[in-house]
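S.K.: In order, the protein sequences belong to chains A and B. Residue numbers for the first sequence follow numbering that gives the first Met the number 0, so the first one is 0 and each next one is one higher. Residue numbers for the second sequence follow numbering that gives the first Met the number 0, so the first one is 0 and each next one is one higher.
Check before you lean on any hint, since a few could be wrong.
[Stated by the list, open to error] Below, in silico cross-link-like pairs of lysine to aspartate or glutamate (EDC-like), each with a Cα-Cα straight-line distance of 16 Å or less:
#: 1; chain 1: B; residue 1: Lys313; chain 2: A; residue 2: Glu443
#: 2; chain 1: A; residue 1: Lys225; chain 2: A; residue 2: Asp241
#: 3; chain 1: A; residue 1: Lys72; chain 2: A; residue 2: Asp49
#: 4; chain 1: A; residue 1: Lys313; chain 2: B; residue 2: Glu253
#: 5; chain 1: B; residue 1: Lys225; chain 2: B; residue 2: Glu253
#: 6; chain 1: B; residue 1: Lys313; chain 2: A; residue 2: Asp455
#: 7; chain 1: A; residue 1: Lys72; chain 2: A; residue 2: Glu56
#: 8; chain 1: A; residue 1: Lys225; chain 2: A; residue 2: Glu111
#: 9; chain 1: A; residue 1: Lys504; chain 2: A; residue 2: Asp88
#: 10; chain 1: A; residue 1: Lys313; chain 2: B; residue 2: Glu443
Source of the hints: derived by calculation from the structure; they are not laboratory data.
2 protein chains.
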Amino acid sequence: MRKRQSNRRNRSDRPVRVAGSITQSAWSPVTYATPPTAFLSADAVEAIHDTALHILEEIGMKVLSTDARTRFKAAGFTVNDSTEMVRFDRQGIEQAIATAPSSFPLHARNPERNLEIGGNNAVFSATGGPVYCMDLENGRRRGTYDEMCNFIRLVQSLNILHQEGGGGFEALDLPAETRHLDLLYAQATLLDKNWMPWNIGARQTMDCLEMAAIMLETDLEGLREKPIFTGVINTNSPLQLDIPMAEGLITLAEYGQAAVITPFTLSGAMAPVTLAGALAQQHAEAMASIALTQIVRPGAPVVYGGFTSNVDMKTGSPAFGTPEYVQAAQASGQLARHLNLPFRSSNVTTANTSDAQAAYESMMSLWGAMSGGANLIMHAAGWLGGGLTASFEKLILDAEMLQMMAAYNKPMEVDREALAMDAVRDVGPAGHYFGTAHTLARYESAFYSPLVSNWDNFDAWQQAGSTTAEQRANTIWKQLLAEYEQPPIDPGLDEALRAYRDRRKIEIPGRTA
Amino acid sequence: MRKRQSNRRNRSDRPVRVAGSITQSAWSPVTYATPPTAFLSADAVEAIHDTALHILEEIGMKVLSTDARTRFKAAGFTVNDSTEMVRFDRQGIEQAIATAPSSFPLHARNPERNLEIGGNNAVFSATGGPVYCMDLENGRRRGTYDEMCNFIRLVQSLNILHQEGGGGFEALDLPAETRHLDLLYAQATLLDKNWMPWNIGARQTMDCLEMAAIMLETDLEGLREKPIFTGVINTNSPLQLDIPMAEGLITLAEYGQAAVITPFTLSGAMAPVTLAGALAQQHAEAMASIALTQIVRPGAPVVYGGFTSNVDMKTGSPAFGTPEYVQAAQASGQLARHLNLPFRSSNVTTANTSDAQAAYESMMSLWGAMSGGANLIMHAAGWLGGGLTASFEKLILDAEMLQMMAAYNKPMEVDREALAMDAVRDVGPAGHYFGTAHTLARYESAFYSPLVSNWDNFDAWQQAGSTTAEQRANTIWKQLLAEYEQPPIDPGLDEALRAYRDRRKIEIPGRTA
């Protein structure tokens, strides 16, 4: 079952050339080379933390789920069932959060693809959640299951992506009630990496857990000791936790899976127009929800998610990859570390096509996330148009940006050999380093090798068709798809996954053919 | 003479809307919000510095200029006139460098546009040096004087650019021998910002100084106390300083102007294939050249330039905006600060068109430069195709990226008002912040306002023509050009500049009509 294609599993630093054509980086964990940027002073972090505690103490959160309110009450917090408000004393909330681990493992079908969330690690997760899909030939459209499977195949093929993000986009040709089952089957069989569940509400989250247990050849009990899921839990900012999100959170925590608590605090809309205010509100919503995971199961893995950005004040729609987004990402990293928790950020853009804007906004987001020390970078590849679209070309362009960020984070060797005094002496003034022994011994793996970037001079580039990066990305994803090989899976396992999917499709009421 | 258009000179943080259409950031100095990233450990910095001193001590620099060698000899360094080699003892070189200032002012025709190079400041300088110009309609071509003047006009119009960079591209319709005089006249009259000279050799540098003196209504003596120039001096890596560069350096230093010492150390070609080795060589070449500025005139302003990047090992051509470039920029910043000197870096890309690659490579360079604490960022706007091309669209796209980086570096307010506890209480759970008093009082200037980025939703973007950022940049530069107003200049001053230009054109031999 674990027989592997050696060409996709190269663990060295040398770039991998797949089938003689596409060069990509080898699979590799990413560890930060430098400490995160402290955009805020320690006093400012403390002031935001303190304001968040004030918010929870004086105002509280509206918690629509009776189950969640009951659990908060049992934990000693002040619950008003008629207003559905829960208020939190600062000692209680800080105590509840304290049991959350600062890092935790995530399992994959292929144990060589297991991940560690936290510490100095960055995990790159592909986009998930967009409604539409898009490519250069067919433009933006409602995606099908076949197209979604192709997106998943590409995520499997791109070594730089550590985690699949939830299907890329929705398979809108499938019935809404059972769509998640088809996605789960695709994730469990087309990937051998870790993947994100589509967990809305308790029942859907249970389906995710059941199929993950089958895939890892364990049971729900075993899954508790073998976390596999980072499931996103959004608060309904400001200061509200709805029933499906609360149910999802409780189910994830019960089964030892990681909730990625992500307040949707757009400054100027669902949060104050000042970033400090938006961050205080984000921090309050995050702390209340993180506390709930620990009340359900002390020690349950949990991630502090920061998604604070600003709206375009002319239209009220969200803007991403903005300077404010970078500040918020760095500050959110500081707030997460203040709670000793892993930090989630994202690679986001408002651009509607894979042009220069998409690239510079993504780069702003990515630098913000990574200089902010993000441990889980969601939507790291493929996100377009403010998150309504998953783009096949953007997936490839983002993979290039991620590969560059990973390469940047490899430490520089500064030993006697690398300092190259002998080579400098040998070459001498006005000489040349091509062809020297020092160069020949190192040139094959000395530098980053690009995936999409064209480094030809103008004439060569023109003769080859004056392609844009978007056009080259189009060629690359098609070739990767043509070369995709499904990771081997035991036929019995495949059968068990299919059986669960099919049985649940019959059980789920209201489904249409 | 200093009558100003108030709409271009807004000093507040509020974005400036020029003539009802194009919104751009106001003119403003940029100060870093966070300390630079220390990519290398203190030990690694010391090891590179020490290797560089070894190189200078044991190998030395080949100095082709007799004048320069004579000056080095007089300063006590070991000169061999038959091999043209100069060797430097470590105490002597460190002593010579010590007189260079850690920061210095740069003057402009409009004193409100004066700059400070060093400290925590970043100065954005437009591209200069490319052979070709390029725009969306006409593609890449040899540029004319008229087109060059248009490029300069745009640099004047874009508030985010603190400094003009040397004409953008060459006016290839003008005779080579006197082309610099026409450029100087254009710079002195079309701009009221600081600009960079085109200084190759002593005589051309003198022309730059003479015309600058006229422009600042002073003389060569007065210019010594009023630095105006950052003139680029490239070493001929490895380890050589040629005659025109040495002459330019000596003339700049004699007249109290700043040489921007920039070794052209492409790792794998003119420098070792290992980055640490390339940096050691860069550092050696920089220290020797910086020492020469101080031998000529102790206290002369000087900038430590880092240009280390890697070559594409498949073709030998330079690659820019690579992960290695980012590491080298951050490390070079550390080496410059080790000498207590201002640091110059650049915004560079290998891309041949203003696409996603151009944007993500530029963003890599810019983040590298700015996280590396660069005080002077050359080619900050307009550079394309590895520096052979200046692009009108890239100029605008880069201006957007620079505006974003400047906005990111504005400190976040974290006081009682910004923390917004009262607003959070007023809005309450599941409320909305649009239209609240806290929002209304701040929304106009709360967030960064983009120049090129389109934040419309997909349908609105599609209805408006599905434009790319490159297409919008094309519209913007044409509109800026149509709205350009020449900064007022005293007619007598204009006449004096023209007279110098015309007289020198007659004096310079070998010119063709």
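S.K.: If a hint holds in the structure, say so; if it doesn't, say that too.
M.R.: Hint check results:
Pair hint B/Lys313 plus A/Glu443 holds up; C-alpha atoms about 9 Å apart against a cutoff of 16 Å. Taken as a hint, the A/Lys225 and A/Asp241 pair is broken in the structure, with Cα atoms around 28 Å apart against an allowance of 16 Å. Pair hint A/Lys72 plus A/Asp49 does not hold up; C-alpha atoms about 23 Å apart against a cutoff of 16 Å. Distance restraint check for A/Lys313 and B/Glu253: the Cα-Cα separation of roughly 54 Å exceeds the 16 Å cut-off, and the hinted pair is therefore not satisfied.
Simply put, B/Lys225 and B/Glu253 have alpha-carbon atoms about 13 Å apart, close enough for the 16 Å limit, and the pair holds. Using a Cα cut-off of 16 Å, the hinted pair B/Lys313 and A/Asp455 holds, with the two alpha carbons roughly 10 Å apart. Taken as a hint, the A/Lys72 and A/Glu56 pair is honoured in the structure, with Cα atoms around 14 Å apart against an allowance of 16 Å. Restraint check for A/Lys225 and A/Glu111: satisfied, since their Cα atoms lie roughly 15 Å apart, inside the 16 Å limit.
Annotation: proposed proximity of A/Lys504 to A/Asp88 is violated, straight-line Cα distance about 45 Å (limit 16 Å). A hinted pair counts as satisfied when its Cα atoms are at most 16 Å apart, and A/Lys313 with B/Glu443 qualifies at roughly 9 Å.
When each numbered hint is compared with the structure, violations occur for hints 2, 3, 4, 9.
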